[in-house]
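Undergrad: Here's the letter readout for the chains.
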Amino acid sequence: MVRLLQLELQKLLLNRTSKILIFISFILPFTVLILSSIKINFFGFFTLELGELGIYNFPIIWHITTFFAAQFKFFFAIVVVSMIGNEYSNKTIKQNLIDGLSKKEFILSKFYTIVFFSLVATILLTLISLLIGLYYSSYNEIGIILSETEYLLGYFVKLVGFFSFCLFLGMLAKRSAFALAFLFVDFILEWIIFGLITWKANVDIAEKIQNFFPLKSMYNLIKQPFQRIAMSKFPDKESLAYDYAVHWYEIVIVIGWTALFVFLSYRLLKKRDL
Amino acid sequence: MESILTINNLTKKFGYLTAVKDLSFTINKGNVYGILGPNGSGKSTTLGVVLNVVNKTSGDFHWFDGNITTHDALKRVGAIIENPNFYPYMSGYDNLRLVCKIKGVDLTKIDEKLEIVGLTDRKNSKFKTYSLGMKQRLAIASALLNDPEILILDEPTNGLDPQGIHQIRQIIKDIANNGTTILLASHLLDEVEKVCSHVVVLRKGEKLYSGRVDEMISSHGFFELKTDKHDELITILENDEAFGKIKIEDQLITAFLNNPMEASTFNKLMFEKGITLSHLVKRKESLEEQFLQLTDNN
Chain A
1 MVRLLQLELQ KLLLNRTSKI LIFISFILPF TVLILSSIKI NFFGFFTLEL
51 GELGIYNFPI IWHITTFFAA QFKFFFAIVV VSMIGNEYSN KTIKQNLIDG
101 LSKKEFILSK FYTIVFFSLV ATILLTLISL LIGLYYSSYN EIGIILSETE
151 YLLGYFVKLV GFFSFCLFLG MLAKRSAFAL AFLFVDFILE WIIFGLITWK
201 ANVDIAEKIQ NFFPLKSMYN LIKQPFQRIA MSKFPDKESL AYDYAVHWYE
251 IVIVIGWTAL FVFLSYRLLK KRDL
Chain X
1001 MESILTINNL TKKFGYLTAV KDLSFTINKG NVYGILGPNG SGKSTTLGVV
1051 LNVVNKTSGD FHWFDGNITT HDALKRVGAI IENPNFYPYM SGYDNLRLVC
1101 KIKGVDLTKI DEKLEIVGLT DRKNSKFKTY SLGMKQRLAI ASALLNDPEI
1151 LILDEPTNGL DPQGIHQIRQ IIKDIANNGT TILLASHLLD EVEKVCSHVV
1201 VLRKGEKLYS GRVDEMISSH GFFELKTDKH DELITILEND EAFGKIKIED
1251 QLITAFLNNP MEASTFNKLM FEKGITLSHL VKRKESLEEQ FLQLTDNN
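Chains as they are written, first to last, in this note's numbering: chain A, 1 to 274; chain X, 1001 to 1298.
Note that these hints are calculated values from the structure, not bench results. None of these values were measured; they are calculated from a predicted model. Please note that a few of the clues may not be correct.
[As the list claims (entries may be wrong)] What the simulated footprint calls covered on chain X by chain A, stretch by stretch (three residues with Cβ under 8 Å from a Cβ of chain A suffice, anywhere in the stretch; the number is not a length):
#, segment
1, 1050-1056
2, 1060-1072
3, 1090-1103
Ideal Cβ positions, reconstructed from N, Cα and C, are used throughout, including at glycine.
The following block holds chain A by itself, in its conformation from the complex:
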């Protein structure tokens, strides 16, 4: 496992483009988080301090930081897609297999890399959220800090799932640009199917079915926190209430997709003549 991870890391870290993208995908979200946590003075007109809004209180901070950091996953998605695309365009995938890497090892080395980077991202996010939280949060009891940390698990599962999807699309399309296009097509497709079911049946059924689709199920792990912030400001407004928790079945669905995507990538490579 370490050998396969080392292989892939060498391929990625010696490539300038993917090095920059990896750097961006890690640094950018955390810079934004840190910047948003400091007090910004707009030329003396007014001062903006998001911390004052209470969004950096435990435990809601876990929800907020994981949600915003997850928006930056697209940068690493480009890395994932191009690490497959490059293997095909340089024909190094063929040479790797000839040199004695099995097809299973090839897919696994990509998957391990995905898990590795998702893990690093999750750990970094945990540390930074913890620091910001400890600084701003009005509640600092251990019990409160540790509550709702399932968002971190959700974040990790979401990243692994999303990148595995990219891995599969990369294997399917062989070219980075097409793979990203497929990703976009799937996004639209999920909404078209949602619309069709709503039209034929009703919104409730459509939503239930849509929750099983890949992109939607990944989104479901960490739902938007804006409504929740509003809820905390106006606790008496019942119409704002919604289910924002991370449910075990949502995690199971995404893990299911992850397993399917990795398996399909392997099947695809196995069947293909290079």
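Chain A is fixed; fit chain X onto it per the hints.
TA: Quick look at chain X alone, frame taken from chain A:
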């Protein structure tokens, strides 16, 4: 003899096209094999199948004694297919480092093999800055990293200039002299003739011949003859059972032997019949002539 690769009734179809048809042969340790065939005869496909990158349609093959998986066997094999495929953004050294990790070979081998192919002074340059000859030499160094039991080369001199071709051939010869088994696929006959002891001849995916190069055609050679008594000689040759086909180009008569016969015996025979020869050469077909004969007649 210890067998390295055994192929049994291998068939590969791409849709309607049959690229390799019912192919069987065995590669034994210590010989230098050539796979000969015109373009599109299935050479690369056959190699692709045994190298785990092309899926076979039917038949089977096994490496060594057949008890290890193909990808483990490939760790004991060195192979280059058509173009050298490396990561363009990595240096030659880094590319080989990657191959070492895949094959599970010690990193100290890298410098040793770079020395053999003469790339030591360019090992830290990026692969994309290499000339085609250098790329091909890096590919050979990469294939040699694990001190392979068999080296598989597919068109190793394709697209190289004369110096490049010469360098590569010299390297191949040196490796062969060290006792490494080599399998060389090529459509360049003189290349195969110069280095190989055994050949497999393919045409349209079918095997036409496999065996030693010098036994490729059961031929006893031929005489090239010239004489003043041109027509008389032709009559004698046509009536002699020792000769088969007779070809006449201007004054030059080519007579193919059915039975072995020495040039001196023939000369004496002709002299006794009152024919003096002004030109007498006994020759065997070159590989090129044998190859064309094989691929035309079938």
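Undergrad: Look at each hint and say if it fits the structure.
TA: Hints and how they fare:
Counting residues of the segment 1050-1056 of chain X whose CB lies closer than 8 Å to any CB of chain A gives 5, which reaches the minimum of 3, so the coverage claim holds. Counting residues of the segment 1060-1072 of chain X whose CB lies closer than 8 Å to any CB of chain A gives 3, which reaches the minimum of 3, so the coverage claim holds. Taking a C-beta to C-beta cut-off of 8 Å, the segment 1090-1103 of chain X contributes 8 residues in contact with chain A, enough for the three needed, and the coverage statement holds.
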